[in-house]
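*Asks:* Now for the letters of each chain:
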Amino acid sequence: MTAPMIQLRSLSRTFGTTHAVRDLSLVVPRGLTLGLLGMNGAGKSTTLRMLMGLLKPTAGEALIDGREVIRYGPELRQQIGYVPERPTVYSWMRVQEAMQFCKSLQPGWDDQTADKLLQMFRLDRRKPVRALSRGMTTKLHLLLALAHRPDTLILDEPLSGLDPIVRDEFLEGVLAGICEHDCTVVLSSHQVDDVQKLADRVAFLHEGELVLEGETQALLNDVRRMRVTLADSDVAFTAPRGTILCRRERRVSTVTVRACDEQLLRETSQQAGVVQVDTDVLTLTELFKDVVRATETAARC
Amino acid sequence: MLTLIRKDLRLQRLPLLVAVMLIIAPYVGATAMLYQVYAPDMPKAATIADYLATAAVFGLMMSTVTAGMLAGNIFACERADGSSVFLFSQPVSRRQILTSKATLVFAVLGAVWLVHGLVLSGLAPSLDSAAKPYVRINNPVIFASALVVLTTGIAWLTSIVGRSPSLAISAGLAAAFFVPWSIYLTSLFLAMAPDDIQFVSAFTQWIVGLGGFTAGTLVYLTRVEP
Numbered sequence: 092m093t094a095p096m097i098q099l100r101s102l103s104r105t106f107g108t109t110h111a112v113r114d115l116s117l118v119v120p121r122g123l124t125l126g127l128l129g130m131n132g133a134g135k136s137t138t139l140r141m142l143m144g145l146l147k148p149t150a151g152e153a154l155i156d157g158r159e160v161i162r163y164g165p166e167l168r169q170q171i172g173y174v175p176e177r178p179t180v181y182s183w184m185r186v187q188e189a190m191q192f193c194k195s196l197q198p199g200w201d202d203q204t205a206d207k208l209l210q211m212f213r214l215d216r217r218k219p220v221r222a223l224s225r226g227m228t229t230k231l232h233l234l235l236a237l238a239h240r241p242d243t244l245i246l247d248e249p250l251s252g253l254d255p256i257v258r259d260e261f262l263e264g265v266l267a268g269i270c271e272h273d274c275t276v277v278l279s280s281h282q283v284d285d286v287q288k289l290a291d292r293v294a295f296l297h298e299g300e301l302v303l304e305g306e307t308q309a310l311l312n313d314v315r316r317m318r319v320t321l322a323d324s325d326v327a328f329t330a331p332r333g334t335i336l337c338r339r340e341r342r343v344s345t346v347t348v349r350a351c352d353e354q355l356l357r358e359t360s361q362q363a364g365v366v367q368v369d370t371d372v373l374t375l376t377e378l379f380k381d382v383v384r385a386t387e388t389a390a391r392c
Numbered sequence: 032m033l034t035l036i037r038k039d040l041r042l043q044r045l046p047l048l049v050a051v052m053l054i055i056a057p058y059v060g061a062t063a064m065l066y067q068v069y070a071p072d073m074p075k076a077a078t079i080a081d082y083l084a085t086a087a088v089f090g091l092m093m094s095t096v097t098a099g100m101l102a103g104n105i106f107a108c109e110r111a112d113g114s115s116v117f118l119f120s121q122p123v124s125r126r127q128i129l130t131s132k133a134t135l136v137f138a139v140l141g142a143v144w145l146v147h148g149l150v151l152s153g154l155a156p157s158l159d160s161a162a163k164p165y166v167r168i169n170n171p172v173i174f175a176s177a178l179v180v181l182t183t184g185i186a187w188l189t190s191i192v193g194r195s196p197s198l199a200i201s202a203g204l205a206a207a208f209f210v211p212w213s214i215y216l217t218s219l220f221l222a223m224a225p226d227d228i229q230f231v232s233a234f235t236q237w238i239v240g241l242g243g244f245t246a247g248t249l250v251y252l253t254r255v256e257p
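Read top to bottom, the protein sequences are chains A and B.
Read in order, the letters of the first sequence are residues 92 to 392 in our numbering.
Read in order, the letters of the second sequence are residues 32 to 257 in our numbering.
Because the hints were derived from the structure by calculation, they are not lab data.
Fair warning: this is a prediction, and the values are worked out from it, not measured in the lab.
Note that the Cβ used here is the ideal one computed from N, Cα and C, for glycine as well.
Output of the computed footprint for chain B on chain A, the stretches with three or more beta carbons under 8 Å from beta carbons of chain B:
| # | segment |
| --- | --- |
| 1 | 138 to 151 |
| 2 | 156 to 166 |
| 3 | 179 to 189 |
| 4 | 193 to 201 |
To give an idea of the interface, some chain B residues facing chain A are shown, with a C-beta separation under 10 Å as derived from the structure:
| # | residue |
| --- | --- |
| 5 | R41 |
| 6 | R44 |
| 7 | E256 |
Sample of chain A residues with no beta-carbon within 12 Å of chain B, all distances over it, derived:
| # | residue |
| --- | --- |
| 8 | H110 |
| 9 | S324 |
| 10 | F328 |
| 11 | R384 |
With the hints as constraints, model all of the structure from the sequences given.
*Replies:* Right, dumping it as C-alpha cells:
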C-alpha cells in the first residue's frame, strides 16, 4: 500500500445530542479514489466538511498529506479541489468572474485545463451564476475545483443534477483522467453504480458510523449472497461467519456474507437441514442495500 | 488581498450606496432649507457656514446607520447564502479575510468622517470662523463617534456570530439606541452631573463597541466554521 494521503482518525462530530459522525477512522492511499456511500443523514457531508477543514470535529482529527486540515487549512487548500453538496459560488458573479476569482487565489491555476473544462461542460463565460441551472452550477463548481490541478479532490455528491451525457463525460473523461494523475479522490454519492465505476475503495456509512469498508473489487469478489434452501420451514439455520444480512422466508434463508470461500460454502451446506446452497454475485448497489438493511433490521435466519 | 477587497466591495454594494446617499443627504437638506428660508435673497456667509456645520454634524450622526449596515452585512451576507463555504474552500486564511473586511469597513467609515470632518472643521470655518452647528449637544463629534464605535462593534460581533445580515444590522442600530438611553436612565437614578453623564455615556459606548469588535474578531479568528 502506498503512503496515505488522507487519514481520518477517530473522527466524531455531534450536533447537540445527535451524533452525525461517530469514531470514524479511514485511510485513503495516495492516488486512490474512495467512494463514500450512505443514505441521507448518514454523515457523508459532515465527514467531507471536516476533511475540508470547514467543520471542527468534536473528537479525532483529519489529515491530508500528513498535515492536520484545520491547522494547515490555507496551505492545504492549494492542493485540494472541493465540490460542496449545495452550490456556494457567489451568485452575483459571472462564470468568467468566478474563474478569475479562483485564479487569483489559486497559485496552481491552469488556464488550459479551465478552458478545456469550460468547453466540455458547455458553460458560457458571460452567464451570471444565478442564471445557471443546478446542473450547470455543479459543473461550474467542478471546473473551479479541478482547474488548479489538485492533488486531492473532495467531491460531495458531485453528480447530482448532472444530465446523463455530462455525467458520463465526467465519469469517463474528467474523473478517470484525474485518477490517472496520482490524484486522491474522496467522492460521496447516492449513485452507487457511478461510485462502483470509479472508486478503488468504498466506505459505507450509516447513522454516522462506518459499517463496511474495503477495496471495491475485493469486496465484490468476497461478498456473496447465499440462498440456502432448508428441508423444512421449522429447521433452525445458523448464520455463517461473516454474515452481513440474513433473511428467512419459510424454507429459504438469504444470507449476504463476507469472505465467502469454498470452506464456508461447505460448512454451510453441511449444516443439519440444509438441502441446497446457491450463491450469487452482488453488485455494489445490492451490497449497499444489504449493509443498510442489516443495520436497521435484526437478523432472522 | 486585492481580490478579496474587490469581492467585498461588490458584496457591500448596497451599504455603500446607502453610505454615499447619507453623505450627500444632509447637505441636500441644508441647501433646501436655506433656499426655502432665504430665497430669492442670498443668505449671509455666516448663515451658510452654520447650516454646513449642522449638516456635517447630522452626517456624522447618520454615519451610525452606515456603520450598522456595513459591519452588520460584512460577514453575515456570505454566511446567509453559503458563499462563505466557497470562500473557505480557497487557499485564503481567516486573517486575510478578516483584514479585507475590516479594511473595507474602516476605509468607508473613514471616508465618511473625512468628508464631514472637512466640512465641519475646514469649509464651514472658512466661511465664518465662528460657525456653529444648530445642535444642542455639548460635543457632537464625540457623541457621534461614540455611537459609530458602538454600532460598528455590536454589528460586527453579531455579523460574525449569526447568519442573518438584517439581524446584525438591527442589533448594531438597536445598541445605538438602547445603550445611551440605559446609561442616561441609570445616571438619572444615580443623580449624576450632566457633564459626567455625557462622559460616562461616550466612554461606555466606546468600551462596549471596542469590546464587541474585539470579541467578534477573536471569535472569527479562532473558529473553524466559515
